[in-house]
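Could you build the full structure based on these sequences and the hints that come with them?
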Amino acid sequence: MRGVNYRFVAQQLGLLALVLAGAMVANVAGMVLLAGEGLRSPAVVALSTSAGIVGALGFSVQALSRRRGNQTLGRREALLLVGLTWLLGAVASALPFYFWALFSHGLDAAHAFLSPAACYFEAMSGLTTTGATVVTNVDALPPPLLLWRSLTQWLGGLGIVVLFVAVLPSLGVGGKRLFAAESTGPKKQGVRPQVKDTARALWLIYAGLTAALVVIFWLLGMGWYDALDNALSTTASGGFSTRNASIGHFNSWAIDLVTIVFMVLAGVNFGLYYRLSRGDVASVLRDRELWWYLGILAAATAVVTAALVGQTLVTTTGAELPGPAAQAQGETGVGLPTALLYSGFAVVSVQTTTGFATADWNLWPFAATATLIAVMFVGGSAGSTAGGIKVMRIMIAVKVLMTEIGRVFRPAKVRPVRVGDATVSAEMRQSTLAYILIVALLWAGGTFGLMVLEPAGTVDFTTAASA
Numbered sequence: 025m026r027g028v029n030y031r032f033v034a035q036q037l038g039l040l041a042l043v044l045a046g047a048m049v050a051n052v053a054g055m056v057l058l059a060g061e062g063l064r065s066p067a068v069v070a071l072s073t074s075a076g077i078v079g080a081l082g083f084s085v086q087a088l089s090r091r092r093g094n095q096t097l098g099r100r101e102a103l104l105l106v107g108l109t110w111l112l113g114a115v116a117s118a119l120p121f122y123f124w125a126l127f128s129h130g131l132d133a134a135h136a137f138l139s140p141a142a143c144y145f146e147a148m149s150g151l152t153t154t155g156a157t158v159v160t161n162v163d164a165l166p167p168p169l170l171l172w173r174s175l176t177q178w179l180g181g182l183g184i185v186v187l188f189v190a191v192l193p194s195l196g197v198g199g200k201r202l203f204a205a206e207s208t209g210p211k212k213q214g215v216r217p218q219v220k221d222t223a224r225a226l227w228l229i230y231a232g233l234t235a236a237l238v239v240i241f242w243l244l245g246m247g248w249y250d251a252l253d254n255a256l257s258t259t260a261s262g263g264f265s266t267r268n269a270s271i272g273h274f275n276s277w278a279i280d281l282v283t284i285v286f287m288v289l290a291g292v293n294f295g296l297y298y299r300l301s302r303g304d305v306a307s308v309l310r311d312r313e314l315w316w317y318l319g320i321l322a323a324a325t326a327v328v329t330a331a332l333v334g335q336t337l338v339t340t341t342g343a344e345l346p347g348p349a350a351q352a353q354g355e356t357g358v359g360l361p362t363a364l365l366y367s368g369f370a371v372v373s374v375q376t377t378t379g380f381a382t383a384d385w386n387l388w389p390f391a392a393t394a395t396l397i398a399v400m401f402v403g404g405s406a407g408s409t410a411g412g413i414k415v416m417r418i419m420i421a422v423k424v425l426m427t428e429i430g431r432v433f434r435p436a437k438v439r440p441v442r443v444g445d446a447t448v449s450a451e452m453r454q455s456t457l458a459y460i461l462i463v464a465l466l467w468a469g470g471t472f473g474l475m476v477l478e479p480a481g482t483v484d485f486t487t488a489a490s491a
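Numbering (my numbering), first residue to last: 25 to 491.
Source of the hints: derived by calculation from the structure; they are not laboratory data.
Just so you know, even glycine gets a beta-carbon here, dropped at the ideal spot from N, CA and C.
What you were told as hints is all true, and nothing was included just to trick you.
Computed spacing ranges between beta-carbons, pair by pair:
#: 1; residue 1: G130; residue 2: T356; range: 46 to 54 Å
#: 2; residue 1: T482; residue 2: A164; range: 20 to 28 Å
#: 3; residue 1: V158; residue 2: G46; range: 20 to 28 Å
#: 4; residue 1: V158; residue 2: L300; range: 35 to 43 Å
As structure tokens, this is what we get:
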């Protein structure tokens, strides 16, 4: 049996370090040249120092691990490389946060970024597009550091390993194994014959959506920095924002609507966009997962809207809706248009696991919050930047459930499980159900752990469950 080719894995990790160092340099260049950020500002120095360290490590590992001979990426190497990419990538991405805290004068001794563990948390949250943060005052962070937070989300949004496959020439046929090990959801088919072409096409579409959103945000009144930062987080389904009040800070229904549209687009299988670019509209309209995804969003929005009509809403900026003037005229709650806007934003943000907010959901009726928690598990489509279980797995689980119920009444009838025109294999059914069970167990264990480990009375069930 062939052993694991650790040298080749190390060589690819060295290339990953160079990619991250290049992203840090691009961040610094953008902020210095376009935003006029000073070269001696702590954030620029922190990013530059991190880029130097990560880049030097990348070159060193490359030099030490390069050799002729076996350069194949087998299944075990692919799995090892995927795992180490996320774990070590977060270490490299955490350095700018820690160095900024060290280089800053007058920083509160209790600031989160003075803790290496908190910096690693922030970096891992960014790369995995989880969106959780240890920062209590986002407004106080310098723009270069905030941009780096969102850039980590953008790199991780479509999958930093998919970026790997797109830009690295040395993977060869092993790129297909790496792509399969990293791809979200059970759909593994490519949009082009070569997996490298597939990865490049997906990243071009991803970059195109991001660029379009930057321009739209800018046209709607955001400064270019806010537009870029929030666009990176939106298309990555990440949720890091430049403001404490998230998207609600901008107090614009137009920005809210555009954000909803692009969050929905980010939750769609990116392979469908490639088909659209090739004029294959018919196959996109026949895609069952797309219709399930949109249907769940619509149904959840209807439920939450019904729960919010007539209620008083509190925005992330602390304002009450309806406002004092409307209340003085006898209005006791929001009407249908306002309820629809806020419920639609919340449902799309939560289901796509983006995490942006325009209102305080904790104050909403139980029916609304319960619906949000439910769609949080569903997530977006396979092959999207959204997280969650994925709509494709939900579809397979529902089909399996219906098949098993039908077998009770007609045990002799053969009932293949189909999703669209494809038959789901027994192996895929088993892996899908196992995945959903593991997610449920992790959620239950995490909820219980948070409630037990946190000081008594500081974390209720809803907070622990949603976290």
